[in-house]
Amino acid sequence: MALPRKLKGMNLFNNANSYQGVVTAVTLPKLARKLDPFRAGGMSGAAFIDNGLEDDALDMEWSIGGIDELVLTQWGASDIPLRFTGSYQRDDTGEEIAVEIEVRGKHQSFDFGEAKQGEDSETKI
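According to my numbering, the sequence shown is numbered sequentially starting from 79.
The set of hints was computed from the structure by calculation and includes no laboratory data. Note that this is a predicted model, so its numbers are computed, not measured. Any given hint could turn out to be false.
Unchecked claim - Within a straight-line C-alpha distance of at most 30 Å, the following computed BS3-like cross-link-like pairs (lysine-lysine) qualify:
hint	residue 1	residue 2
1	K112	K184
2	K184	K194
3	K184	K86
4	K112	K194
5	K202	K108
6	K202	K184
7	K202	K112
8	K202	K86
9	K84	K108
10	K108	K86
11	K184	K108
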């Protein structure tokens, strides 16, 4: 019986600034191909033509505790580098798989959620 791999040692770097202890979650980009059906005369079914990636295939979302001034100053910038690092480890064998994902783009939205005095708040980017 094997145990599943669990993410450990997760971190996110925003323009080379570490968010260790601040980043709470990362939704990695969904890799999805854009396939359009093509059916011409004499074909009994459609053949799917590969047109690269779906329009939203490279979207990434990340969440931090509180509000971060650096992220807010990046509003409107078009080439912000983000780097997600971590490792997936099996607890039964100790086997680790290191993961590093780099993306570059712009912040499309900030969701500040609900703010209550004295309570934890979260910002989704």
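Hint check results:
Between the alpha carbons of K112 and K184 the distance comes to roughly 22 Å, so the proposed pair stays at or under 30 Å and holds. Proximity of K184 to K194 is assessed by CA-CA distance (about 28 Å); at most 30 Å being required, the pair is judged to hold. With a C-alpha separation of about 27 Å, the suggested pair K184 and K86 falls inside the 30 Å cut-off, and the hint holds. Distance restraint check for K112 and K194: the Cα-Cα separation of roughly 42 Å exceeds the 30 Å cut-off, and the hinted pair is therefore not satisfied.
For the hint pairing K202 with K108, the CA-to-CA distance comes to about 17 Å; that is within 30 Å, so the pair holds. Proposed proximity of K202 and K184 is supported: the alpha carbons are some 14 Å apart, at most 30 Å. Taking the CA atoms of K202 and K112, the gap is about 27 Å. The hint holds against a cut of 30 Å. The suggested pairing of K202 with K86 holds, with an alpha-carbon distance near 21 Å, which does not exceed 30 Å.
Our distance criterion of 30 Å between C-alpha atoms is met by K84 and K108, whose separation comes to about 19 Å. Between the alpha carbons of K108 and K86 the distance comes to roughly 21 Å, so the proposed pair stays at or under 30 Å and holds. Distance hint between K184 and K108 is fulfilled; the C-alpha atoms sit about 17 Å from each other, no more than 30 Å.
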